[in-house]
Each structure stands twice: as C-alpha cells, then as structure tokens.
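Fit chain U to the known structure of chain X by using the hints.
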Amino acid sequence: MLVFVVRRLVSLVVVLFAITVLTFLIFFATPGVDPTRSLAGRNPTPETVAAVRHQFGLDRSKPEQYVLMMKRLFVSRDLVSYGNQALKVVPAITAAAPVTFSLVIGAAIIWVVLAIATGLAAVVLKGSIWDPLLMILALIGISMPVFWLGEVANLVTQDRLHDTFLFSWVPPLGYVPLTKDPWQWFLHLIIPWLTLSVLYIGFYARVLRANMLDVSNEDFVRTARAKGLSERKVLTRHMLRTSMITFVSLFGLDFAVLVGGGALLTEVVFGLPGVGLLTYRSLVALDLPVIMATVIYGAFFITIANALVDIVYARLDPRIRPA
Amino acid sequence: MAEFAYEPEPAGGVVLAPGESAREIAGKSPWRLAGRRLLRNRVALAAAGLFVLIVVVSFGAPLYAEHIAHTDPFANNLNGTTVVDGKKVEVLQQGGGPLKLGETPIGPTWQSNYFLGADNQGRDVMARVLYGGRASLLIGVGSAVLACLAALLLALVAGFFRGPVDMVLSRLMDLIWAFPIFLLAISLATVLLTAPDGLQWGPVHVDPSSLWVPTLIIALVYVPYVYRPVRGQVLSVREKEYVEAAISQGASNVRLMFGEILPNVVTTVIVMLPLMIATTILTESALSFLSIGVQPPKASWGTIIDDGQDLLYSRPWVAIAPGIMIVLTVLSLNVLGDGVRDALDPRAKLRIKG
Chain X
1 MLVFVVRRLV SLVVVLFAIT VLTFLIFFAT PGVDPTRSLA GRNPTPETVA
51 AVRHQFGLDR SKPEQYVLMM KRLFVSRDLV SYGNQALKVV PAITAAAPVT
101 FSLVIGAAII WVVLAIATGL AAVVLKGSIW DPLLMILALI GISMPVFWLG
151 EVANLVTQDR LHDTFLFSWV PPLGYVPLTK DPWQWFLHLI IPWLTLSVLY
201 IGFYARVLRA NMLDVSNEDF VRTARAKGLS ERKVLTRHML RTSMITFVSL
251 FGLDFAVLVG GGALLTEVVF GLPGVGLLTY RSLVALDLPV IMATVIYGAF
301 FITIANALVD IVYARLDPRI RPA
Chain U
1001 MAEFAYEPEP AGGVVLAPGE SAREIAGKSP WRLAGRRLLR NRVALAAAGL
1051 FVLIVVVSFG APLYAEHIAH TDPFANNLNG TTVVDGKKVE VLQQGGGPLK
1101 LGETPIGPTW QSNYFLGADN QGRDVMARVL YGGRASLLIG VGSAVLACLA
1151 ALLLALVAGF FRGPVDMVLS RLMDLIWAFP IFLLAISLAT VLLTAPDGLQ
1201 WGPVHVDPSS LWVPTLIIAL VYVPYVYRPV RGQVLSVREK EYVEAAISQG
1251 ASNVRLMFGE ILPNVVTTVI VMLPLMIATT ILTESALSFL SIGVQPPKAS
1301 WGTIIDDGQD LLYSRPWVAI APGIMIVLTV LSLNVLGDGV RDALDPRAKL
1351 RIKG
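Protein chains in written order, with the working numbering: chain X, 1 to 323; chain U, 1001 to 1354.
Chain X extracted, bound-state conformation (with noise of 0.2 Å):
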C-alpha cells in the first residue's frame, strides 16, 4: 500500500509540473500568437508595451520567462493582472473559491439525492412504463448545454413567471456570501444549483439504474432473495450498496472537475463571482497571466483529487493496487 501511495505520488508531482510547462506554452509560447497583443487594443505606446514585456518578463529567454512566472505565482504569489495592476491573481482566485465552492457542493446534494432516487425508482418500476420514462427525462438531461437551461430558467423566473407566487421569492442575479447573510446565501443559490444538477442527475441515474440491474444476476442478490430478506432490503443493502461503488468515484472525479472550474458557465449565466467568472471575464479582456492562473488552479484541484480518489479506492479495494 505504502508503495502505491508513494508511486502515485511521484507521478501527481510529474503531472503537475508537465500541467504548468504545458499551460504556459500555450499562453506565452503558441508560435504566431503575441503574448502581449491584448494590450494593442487600448492604443499602448511602444514604451507601454516595451515596459509591461519588461516587467513580466517578457523580453528573456522561454525558460526564464516559465521558471519567473511560476515563481510568481507559487512562491512569491504576486503575479498580478495585465490590465489591472492592482488586481493581484492568487488572492483574487483565492477569494472567488469561496462561490464556486457553495454552487458546486449544494448541486452536488441535490444530484447525489435525485439520481438514487430516479435510479432506484426506474430499478424498482422496471416492466411499467415509468422506467422508460425516467430513462428518456435523464436523457434529455444529459442532452441540454446547461448555459442554455441557466437562460430558460432566468427567463421564467426572473422575467415571465417572477411576479406570480411561484417565483416571486427568487432574488434578482448575484450572490451574497454565506457568513453575511445565510437564508440570502440559500434563496441566491437554488435556481443555480437545480440548474447545475441536471445533466448530473441524468448521468449519474442511467448508470446506477444500469449497474444495479447488472448485480441484479450476481449470486449474492440471489442468496439474499434465497435467505428470505424483503425485497426492500435485498434492494438497499446489497443491489444499491454495490453499486455506488461506480457512483462514488464518479462522484469524486465530478466534483473536482467542477470546482475546478467545469462550473463556470453556470457562474456565467446566473453571475456567481466565483472562479469560472474571474476566468471568464479575463478571457473577455485577455488577461493572459489571470486566465493562466486559474486554468492551473483548475488542473491542480482535479489532478490532486484524482491522487486523492486513486489512494482512497485503492485503501477500499484491494484489488486494484497494483503489485
């Protein structure tokens, strides 16, 4: 075990570090491309650009040019933003995840309770014409681009429907934080998170549906019915059990990938500061060392969850540690 923990270690280290040379060449390195060429677009003097090259770097070698940046933004933490000096990258990024942490962990809640619901209900109504049913609601789910569903539901419940009972307790776009004031935090928070949680409902309940009608034939199942246990829980205990197996490591790797900036059209739609807006409106602007930064936060938070998920899987199962 100690092994494989090690082992999985050097190799979220060698990740890590191909993911920053990587980013970086993209940013700063794509032949035909001027690093600087967005601050042509507010009419720089020469010595402008000349002094903002100079100041990030810009005019030394490539690898100079990588082992400075990443020293500012690891070590020293003070890279700061293109346009806005002021704006430093780190604590802005810092400040964000707060959001993006609330958005993603109440979807997360909603779509782990609804997919075992919608799962287990197709499982249990499997032969009626509810399990088809619930299969194509997941489908169509799992086929919606959650930006467009964000801008239907502002529209029913910001616009057509807001002055009805249904909506009208729904507050205008933004976010207020949790520690200000937590029913605000909540009441700003719910459209965005059923809005989030579709695609995830739907995925997540057409594999557990699936996977629990796989261990449906195990002889395990089998014995359970043989031993005289209720339907019940023959169901929960051994079918349902086995099977979030898969639903918790998909869960794991989801998540990460969604705090790690997969939310950010979400954020986007429903205006959440969190840090897929502070990368979305960096793109807006080409803010090159901020949208750099964050797309490394992202690739850090889900390469070290993936570690994380691995070691704690392996801890689980045996099986699957290598030799």
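Hints listed in this document are in silico derivations from the structure and should not be mistaken for laboratory results. Some clues are possibly wrong.
Stated by the list, open to error - So the derived label-pair ranges between C-beta atoms look like this:
#, chain 1, residue 1, chain 2, residue 2, range
1, X, Leu2, U, Glu1241, 35 to 45 Å
2, X, Pro171, U, Ser1314, 16 to 26 Å
3, U, Asp1072, X, Ile136, 38 to 48 Å
4, X, Asp59, U, Gln1200, 17 to 27 Å
5, X, Val10, U, Gly1035, 45 to 55 Å
6, X, Gln55, U, Gly1060, 50 to 60 Å
Said to hold, decoys possible - Partner residues aside, some chain X positions facing chain U, computed with beta carbon under 8 Å:
#, residue
7, Ile26
8, Gly32
9, Val33
10, Met144
11, Val152
12, Asp159
13, Leu265
To be verified - Covered stretches of chain U, as calculated for chain X (at least 3 residues, CB under 8 Å):
#, region
14, 1171-1180
15, 1308-1320
By construction, the Cβ of each residue, glycine as well, lies at the ideal position given by its N, Cα and C atoms.
The following block gives chain U in isolation, referenced to the frame of chain X:
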C-alpha cells in the same frame, strides 16, 4: 462533465442480444447481425431519422434564406422594413416602456419573413439558426471524426510496435488526458481564436473565422478518450492466432495493422462515434457561447444563444430556438449511440471513468 461512457469488451466472440436465439444469428457476419439489430430498434431508428432531418434542414439554410425568408442573415439590417399582415413595419422598433429607450427587434411573426423575429442587428433569426446548425454540425461531426481517425491511427501504431513508440505516444496522451478537457479547450481557443488578423505560420494563413480552428481544437482534446480503449484492444488483438498466422505468412506491417488488426478494433470506434459527436456539439456550443468558438461573421447555435442573452427578456426566441436545436440534435445522437452500442456490443456496460 459527464463524458460519453463506453468500455469495450475484449475483442472476439459472438454474443446474443436479449431476445435473440442462437439459430437466428447462425452464419451471419457481425456487421449484418448489428445491422439487423439496429433495424429492429425502432427508437434508435426514429432518433436516426430526426438527426438526418436536422442535417438536411441545416444544410438547406441558403435555400431558406434566399427563397423563403428573402434575406441575408449575415448582413446588418438596422434600418430595414418588412411586411407583416400586409402592413409595412420596421425590423428594429422603438423600445417599449415609458421612456421609449433603445430599439427592440421585431418579434416572431410566424410567417415566412422573420419567422422567429430578428436579432439586435435586424437579422432573421430563423435563417441564422439554420445557418448556425450548419456550422455546429460541421464542427461537431468533423471534430469527432478527426479525433476518432487520429486516435485509431495512433493506437494502431502504438499497440502494434509497442516498446518506445508506444511509450512516447501513450505518455503524450496521458498528458492531454490529465488536463481537464474544458480548460484545455478554453486555453487553446483563447490563444488561437482571438488574434484579430488570424494566425500566420510561415506560408500558412488561418483566418480567425475559419471553422477549422475550433474543429481542430475540439478534436485534439478528445483524442485520448478514443485512444485509450482502442490501444488496449490493439494490444490484445495483436496476440491472437490469426495475427500470428499472418505474420508466419510473411505479411507486411502495413497489412498486419490495416488488414488484420484494424477490422477487429474498428467497432469500438464506431460505437463511440455518435456519442462523441453529441459531446463535441455540446463542447462547440459552450465555446461559442463564451465567444471563443465560431467567430463572426459566421454563426453557430452557441453564438446565437450568446447574441440572444441581451434580448432574453424582450425577445426570448433568439436564445431559445438554437438551444432547442442543440437539445434535439444531442438527444437524437445519444439515443442513436445507445442503439448502435446495443447492436454492435450487447454486453457493453457504462464505463467507469478514470
């Protein structure tokens, strides 16, 4: 993001689909068998029909614009007028409310001209949605096919030659794989699509509005998802007796790769293709929505939803219509993909990611 999920069974062997008897499948080639199963799956056939319909309608966009709507959906039409119910009306009407501020484009007329209304520039939304479908489908299908072909070729080479070739290719794929797909696509698109004059690589000039750029970016990020399972299959097929037999007959490497191994792994790619197109269409729409996909003057479903954001409360159809097209397209591909998978590989399971 939930990715298309597929875990191929080890190659070889014949499997009965549910409700099939051994007598029924005796003496039939795997392809005929799969075709029969697909043709019996009415839901999958209906989905295929819907997809074909969307393709035909989208590629008929120029005909619609020219002969039905009589408009150029890419030209500004800020001062234009049109005829509704015999009356002449302005395409951009003075804004409502007590202050009469700004201009509101004409809403859906449900007639041949401005069927779904106009956008901020006074352009016919219906014609734009059809043209947008053309771009979305071209990029979605193009990038999925390119990713599959590249992955198939790389996996054949890596799995066949093994050793250092495999080592280098697989590490390269691991690196792309380690990167979160969406972030990689955003990074590449930000850099490659925002140069105002396009890209200049030596003699090659790439126009920023060329559909090739988003197509290649999306294809690149999905290559590892196809490469991994196919490479595993190539490695196992390579050990089969019939490959050994071909080697003993002195078959060339090319013949071994394309004549013996390829036909046995190609089903995996075919199963993945429809689900992959569904995913690439969604990716394209997201990038275009963020304005780092299809660049103006061209339009795709994603860019039209982006345009419609400003008009959401006054003219919601601008944003809703292209979204409905995306949902229908992706839904039909997902249903079709499930059908193809059941037909070609009845034992397949939803893949455990990672």
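Comparing the hints with the structure gives:
1. X:Leu2 - U:Glu1241: 35 to 45 Å: holds (42 Å)
2. X:Pro171 - U:Ser1314: 16 to 26 Å: Holds: the Cβ-Cβ distance is about 22 Å, inside 16 to 26 Å.
3. U:Asp1072 - X:Ile136: 38 to 48 Å: At roughly 39 Å between Cβ atoms, Ile136 of chain X and Asp1072 of chain U fall inside 38 to 48 Å, so the hint holds.
4. X:Asp59 - U:Gln1200: 17 to 27 Å: Because 22 Å falls inside the window, the suggested range holds.
5. X:Val10 - U:Gly1035: 45 to 55 Å: holds (49 Å)
6. X:Gln55 - U:Gly1060: 50 to 60 Å: Hint holds: Cβ distance 54 Å, inside 50 to 60 Å.
7. Ile26: holds (5 Å)
8. Gly32: holds (5 Å)
9. Val33: Nearest chain U Cβ about 6 Å off; hint holds.
10. Met144: holds (5 Å)
11. Val152: Constraint on Val152 of chain X satisfied, holds at 7 Å.
12. Asp159: holds (4 Å)
13. Leu265: holds (6 Å)
14. 1171-1180: holds (count 5)
15. 1308-1320: This one holds; 7 residues, not fewer than the three required, reach chain X with a Cβ under 8 Å.
Taken one by one, the earlier hints all hold for this structure without exception.
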